[in-house]
Amino acid sequence: MAGKYRVTYIEDGGKAHTVEVAEGWSLMEGAVKHLVPGIDADCGGACACATCQVYVAPDWMAKLPPKSEMEETMLDFAPAVTSESRLSCQLRMTAALDGIVLKLPKSQH
Amino acid sequence: MSEKIVIIGAGQAASQAVQSLRAEGFDGPITLVGDEAYPPYQRPPLSKAYLLGSFARERLFLKADDYYAQAGCELMLGATARAIHRDTRQVELEDGRRLSYDKLLLATGAKVRKLRCPGHDLPGIHYLKTIADVDGLQAVFTPGTRIAVVGGGYIGLEVAAVGAKRGLKVTVFEAMDRLMARAVSPQLSAFYAGEHEKAGVTLKLHTGVEAIGGQSKVEWVKAGGQTHACDIVLVGIGVIARDELAVAAGLASDDGIVVDQNARTGDPHIWAAGDCTRHVGREGHAIRLECVQNAIDQARHAALAMVGKPRIYSEVPWFWSDQYDLKLQIAGLARPTDTLVARGDPANRKFAVFHLRDGKLAAVEAVNAAPEYMIGKRLIADGKPVEAARLADLSIPMKTLA
Chain A
269 MAGKYRVTYI EDGGKAHTVE VAEGWSLMEG AVKHLVPGID ADCGGACACA
319 TCQVYVAPDW MAKLPPKSEM EETMLDFAPA VTSESRLSCQ LRMTAALDGI
369 VLKLPKSQH
Chain B
101 MSEKIVIIGA GQAASQAVQS LRAEGFDGPI TLVGDEAYPP YQRPPLSKAY
151 LLGSFARERL FLKADDYYAQ AGCELMLGAT ARAIHRDTRQ VELEDGRRLS
201 YDKLLLATGA KVRKLRCPGH DLPGIHYLKT IADVDGLQAV FTPGTRIAVV
251 GGGYIGLEVA AVGAKRGLKV TVFEAMDRLM ARAVSPQLSA FYAGEHEKAG
301 VTLKLHTGVE AIGGQSKVEW VKAGGQTHAC DIVLVGIGVI ARDELAVAAG
351 LASDDGIVVD QNARTGDPHI WAAGDCTRHV GREGHAIRLE CVQNAIDQAR
401 HAALAMVGKP RIYSEVPWFW SDQYDLKLQI AGLARPTDTL VARGDPANRK
451 FAVFHLRDGK LAAVEAVNAA PEYMIGKRLI ADGKPVEAAR LADLSIPMKT
501 LA
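For the record, the sequence lines run as chains A and B.
Each residue of the first sequence is one higher than the one before, counting from 269 in the working numbering.
Each residue of the second sequence is one higher than the one before, counting from 101 in the working numbering.
Isolated chain A, as found in the complex:
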């Protein structure tokens, strides 16, 4: 059995949701399946819609793999992108990310 690790999603309004996400799952899936509002993920994780943007603080960002070219270009077209933006469908849960905090944008569209 793969391990499960904690992720905290913080809505734009400040409401926090801490859920457990299985190793290997994407951080988008963790949010969608636990009904965290603020992640639409229309395409289900195919990196085809850019509606699963999250903001990652620098200390956690350092533990994430770099963006693929596809993620980079899709992010270019998401609203309110900052240097902390990632597409959560491209981020896989690992033990090293236990406790990661992700902030959500006001809107994905």
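I should point out that these hints are in silico values taken from the structure, not numbers from a laboratory.
All C-beta atoms in this analysis are idealised placements derived from N, C-alpha and C, irrespective of residue type, glycine included.
Please note that the accuracy of each hint is not assured.
Dumping the calculated DSS-like pairs for lysine-lysine here, alpha-carbon to alpha-carbon at most 30 Å [claimed, not checked]:
1. B:LYS211 to B:LYS265
2. A:LYS374 to B:LYS499
3. A:LYS335 to B:LYS148
4. B:LYS269 to B:LYS484
5. B:LYS163 to B:LYS104
6. B:LYS298 to B:LYS163
7. B:LYS298 to B:LYS229
8. B:LYS269 to B:LYS304
9. A:LYS283 to A:LYS335
10. B:LYS265 to B:LYS148
11. A:LYS331 to B:LYS163
12. B:LYS163 to A:LYS374
13. A:LYS283 to B:LYS163
14. A:LYS272 to B:LYS148
15. B:LYS211 to B:LYS163
16. A:LYS335 to B:LYS322
17. B:LYS450 to B:LYS484
18. A:LYS335 to B:LYS450
19. B:LYS304 to A:LYS272
20. B:LYS298 to B:LYS409
21. A:LYS272 to A:LYS283
22. A:LYS335 to B:LYS298
23. A:LYS335 to B:LYS163
24. B:LYS460 to A:LYS371
25. A:LYS371 to A:LYS272
26. A:LYS374 to B:LYS484
27. A:LYS335 to B:LYS211
28. A:LYS371 to B:LYS499
29. B:LYS409 to A:LYS374
30. B:LYS148 to A:LYS331
31. B:LYS409 to A:LYS283
32. A:LYS331 to A:LYS371
To be clear about the criterion: a stretch of chain B counts as covered by chain A if any three or more of its residues have a C-beta under 8 Å from a C-beta of chain A, and this derived list gives those stretches [what the hints assert, rightly or not]:
33. 203-216
34. 468-474
Estimated spans, in silico, between C-beta atoms of each pair [to be verified]:
35. A:GLU352 to B:PRO223: 53 to 63 Å
36. B:GLY178 to A:ALA348: 36 to 46 Å
37. B:GLU158 to A:PRO333: 15 to 25 Å
Based on these hints, arrange chain B on the given structure of chain A.
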């Protein structure tokens, strides 16, 4: 007393409708009737990562297990609706039970088009629409197996790509003279044909399957007058809207349950969303879409209308397909009469084809080209005039064209 909503179907549209109904403040009971054994799940990975075995089944499900209970939505799975009684506003199930509704949403989806040639019912012939279909296919989807793929559309080609990757011997039979003829431009068809051949897939274009034969199971496919030996057959020749319940209940259907721009049928208590519908699209024509985008957006609009906040559904349709390491993204609906403008060189495996109509962008097909897709989608929605020369010029970044 709060109203009761019944949803027939348990796919992407049904799941979205439940979510949107709750998000829009509907607090009455919702019952979801699905004929498969599973709660709503994503179908796109079925012909891709799930078939390959790199995507666990539990990841297919659209919501967490306890979502429906928490949302106050009763899931009736493995349950088939037999009839809609509009006079008494009841849905009758196969086992005779009746569910009363104040509002009904039909999210019945589509069913696969079946082969009708001689030998069409031999064991070893597979279709791909459900988890159960893929589980059955996976058992025989082994290296060295000779698979005849009938139909060179999205499903057939995605299976071909996964098959080639898994070491199967793949032959694709397509009755038209090019791949994905219904969905993409000739340029894209030619490019994908080259990619499949590079991966070792044999393509038989302009070659309709005439018969399938074998002793007790599939052993050969006869196509274009020739016999081709094979171990299994995968058929991907399109889908048919599941409109039987609606038609039997006297609702209008034209190869798809006819709905208005609020996803409502001719009955003020009945809406329909997703693959099962035909609606007037943003270009003013009645269209039937088979895609996740339509399931999500139309279900969302149905939910809005059901709670008394109707909004016109006019989103730009979008589609995607994963074959090998190629991400195909399409927005808009092309027509054969569109003027085509290419951007980038297919040899680089990164390019786009724009479809212009009356000086505006009508559709974009992008291969490994997210900016072209994302900006293209925006240009289609905006409906502003575009310049072909600028779209074709790679030295002009897409971003500056929005």
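We went through each hint and held it up to the structure:
no.: 1; hint: B:LYS211 to B:LYS265; in the structure: holds (27 Å)
no.: 2; hint: A:LYS374 to B:LYS499; in the structure: holds (23 Å)
no.: 3; hint: A:LYS335 to B:LYS148; in the structure: holds (22 Å)
no.: 4; hint: B:LYS269 to B:LYS484; in the structure: violated (47 Å)
no.: 5; hint: B:LYS163 to B:LYS104; in the structure: holds (22 Å)
no.: 6; hint: B:LYS298 to B:LYS163; in the structure: violated (39 Å)
no.: 7; hint: B:LYS298 to B:LYS229; in the structure: holds (27 Å)
no.: 8; hint: B:LYS269 to B:LYS304; in the structure: holds (14 Å)
no.: 9; hint: A:LYS283 to A:LYS335; in the structure: holds (27 Å)
no.: 10; hint: B:LYS265 to B:LYS148; in the structure: holds (11 Å)
no.: 11; hint: A:LYS331 to B:LYS163; in the structure: holds (28 Å)
no.: 12; hint: B:LYS163 to A:LYS374; in the structure: holds (22 Å)
no.: 13; hint: A:LYS283 to B:LYS163; in the structure: holds (20 Å)
no.: 14; hint: A:LYS272 to B:LYS148; in the structure: holds (25 Å)
no.: 15; hint: B:LYS211 to B:LYS163; in the structure: holds (23 Å)
no.: 16; hint: A:LYS335 to B:LYS322; in the structure: violated (48 Å)
no.: 17; hint: B:LYS450 to B:LYS484; in the structure: holds (25 Å)
no.: 18; hint: A:LYS335 to B:LYS450; in the structure: holds (18 Å)
no.: 19; hint: B:LYS304 to A:LYS272; in the structure: violated (47 Å)
no.: 20; hint: B:LYS298 to B:LYS409; in the structure: violated (52 Å)
no.: 21; hint: A:LYS272 to A:LYS283; in the structure: holds (22 Å)
no.: 22; hint: A:LYS335 to B:LYS298; in the structure: holds (28 Å)
no.: 23; hint: A:LYS335 to B:LYS163; in the structure: holds (27 Å)
no.: 24; hint: B:LYS460 to A:LYS371; in the structure: violated (38 Å)
no.: 25; hint: A:LYS371 to A:LYS272; in the structure: holds (20 Å)
no.: 26; hint: A:LYS374 to B:LYS484; in the structure: holds (28 Å)
no.: 27; hint: A:LYS335 to B:LYS211; in the structure: violated (38 Å)
no.: 28; hint: A:LYS371 to B:LYS499; in the structure: holds (26 Å)
no.: 29; hint: B:LYS409 to A:LYS374; in the structure: holds (22 Å)
no.: 30; hint: B:LYS148 to A:LYS331; in the structure: holds (29 Å)
no.: 31; hint: B:LYS409 to A:LYS283; in the structure: holds (27 Å)
no.: 32; hint: A:LYS331 to A:LYS371; in the structure: holds (16 Å)
no.: 33; hint: 203-216; in the structure: violated (count 0)
no.: 34; hint: 468-474; in the structure: holds (count 4)
no.: 35; hint: A:GLU352 to B:PRO223: 53 to 63 Å; in the structure: holds (55 Å)
no.: 36; hint: B:GLY178 to A:ALA348: 36 to 46 Å; in the structure: holds (44 Å)
no.: 37; hint: B:GLU158 to A:PRO333: 15 to 25 Å; in the structure: holds (24 Å)
Taken one by one, the earlier hints fail for this structure at numbers 4, 6, 16, 19, 20, 24, 27, 33, listed in ascending order.
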